[in-house]
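Going down the list, the protein sequences come from chains A and Y.
Per my numbering, the very first residue in the first sequence carries number 93; after that it's consecutive.
Per my numbering, the very first residue in the second sequence carries number 325; after that it's consecutive.
Please keep in mind that the hints were generated in silico from the structure rather than gathered at the bench.
Please read all numbers here as calculations on a predicted model, not as lab measurements.
Among these hints, one or two may not hold up.
To be verified - 30 Å max Cα-Cα, derived DSBU-like pairs, lysine-lysine: (1) A:180 / A:94; (2) A:285 / A:180; (3) Y:403 / A:180; (4) Y:403 / A:95; (5) Y:403 / A:94.
Each chain is listed here by its residues.
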Amino acid sequence: VKKVLSYAAAVMASYVVIGLACGMLEAQAGMAPWMAAVLSVVLYSGAGQFMMANLLLAGSAPGAVAATCAFINMRQILYAAALAPHAKSWRLRDALAFAATVTDESFGVVIERLEHDSTWTARQSVALNWLCMGSWTAANFAGCALGAVLAVPTELASFAMTAIFICLLVAQLTSSTYALVAAVAAAGVAACKLAGLTQITIVAGAVLGILAGALATSRSTAAPAEKGGE
Amino acid sequence: MLSAAASMWLWRLVPFFALRGRTMSARTQELLGLIPPAAFAALVANDLVQPSVWATDPATTIAQLLAAAGVALVAARTKNLMLCALFGVVLYALLLAATTLI
Chain A
93 VKKVLSYAAA VMASYVVIGL ACGMLEAQAG MAPWMAAVLS VVLYSGAGQF MMANLLLAGS
153 APGAVAATCA FINMRQILYA AALAPHAKSW RLRDALAFAA TVTDESFGVV IERLEHDSTW
213 TARQSVALNW LCMGSWTAAN FAGCALGAVL AVPTELASFA MTAIFICLLV AQLTSSTYAL
273 VAAVAAAGVA ACKLAGLTQI TIVAGAVLGI LAGALATSRS TAAPAEKGGE
Chain Y
325 MLSAAASMWL WRLVPFFALR GRTMSARTQE LLGLIPPAAF AALVANDLVQ PSVWATDPAT
385 TIAQLLAAAG VALVAARTKN LMLCALFGVV LYALLLAATT LI
């Protein structure tokens, strides 16, 4: 538990601050604290919950809220595909408890552990996800209940999350191919934002980066084969 | 709420369990390995690239980019999530305060 906590602490701390802000917004959208807590467990998506509260405040139809939420969370498909090979020998119960609770941040921490720490277990992966989910849920509940008396500096809190993403990205930049993938993904996001395609930026950028990496690695594996055939 | 949660579970569970039991080729594993750097670069860029803020408040954008560069240096040296988050928030707060003084 101590080992898991040491890896989960940064994510849990940032979830508390962001979760308080999210709970306050959910209260403004008309949710009771218990509803914010249930939403935090069944949806468990920071971006999704912020967007849901904002759309409800704007008076959007429930169908539009659900569709938008589904769309912005499509990157989970990429995370699930990347994590699946590591879970081949996991018990079904652990696999289910883990796969249902992956977030951007927990994905980064767990994939790094699974790739570089042979002693890291399925149970530790599940525990990390659930500790993070617990802090997120508690913070949403508290934010929703105490929204009127709390003042959370949202801009600084959200930069804590950006800093965590930067740290996770830097840890991934272990080759020139990965650097190329990251550069193309970032450029793809910038291009989407400048084009006004704000709801697909993350998925589109990531897919562009992966395609660039696939092209680069196929060329680098094809080149020696061609050379050998001459 | 339920339909949003249902789609989330669909994205999280279907690819995971569809690929979990399969033996993958080296090429497939190589391609799956590209997902983490692509995803995190996209998330970082999504946070930092904000054309509307650039246009209306360039000082905040500069503060954000400088703080991000500082976090990247700390990350390269330490790879410590908590340290990066703390350092990033403190540096960003100081830079924002500096922009109000200028």
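A quick look at each hint next to the structure:
no.: 1; hint: A:180 / A:94; verdict: holds, 26 Å
no.: 2; hint: A:285 / A:180; verdict: violated, 37 Å
no.: 3; hint: Y:403 / A:180; verdict: holds, 28 Å
no.: 4; hint: Y:403 / A:95; verdict: holds, 16 Å
no.: 5; hint: Y:403 / A:94; verdict: holds, 19 Å
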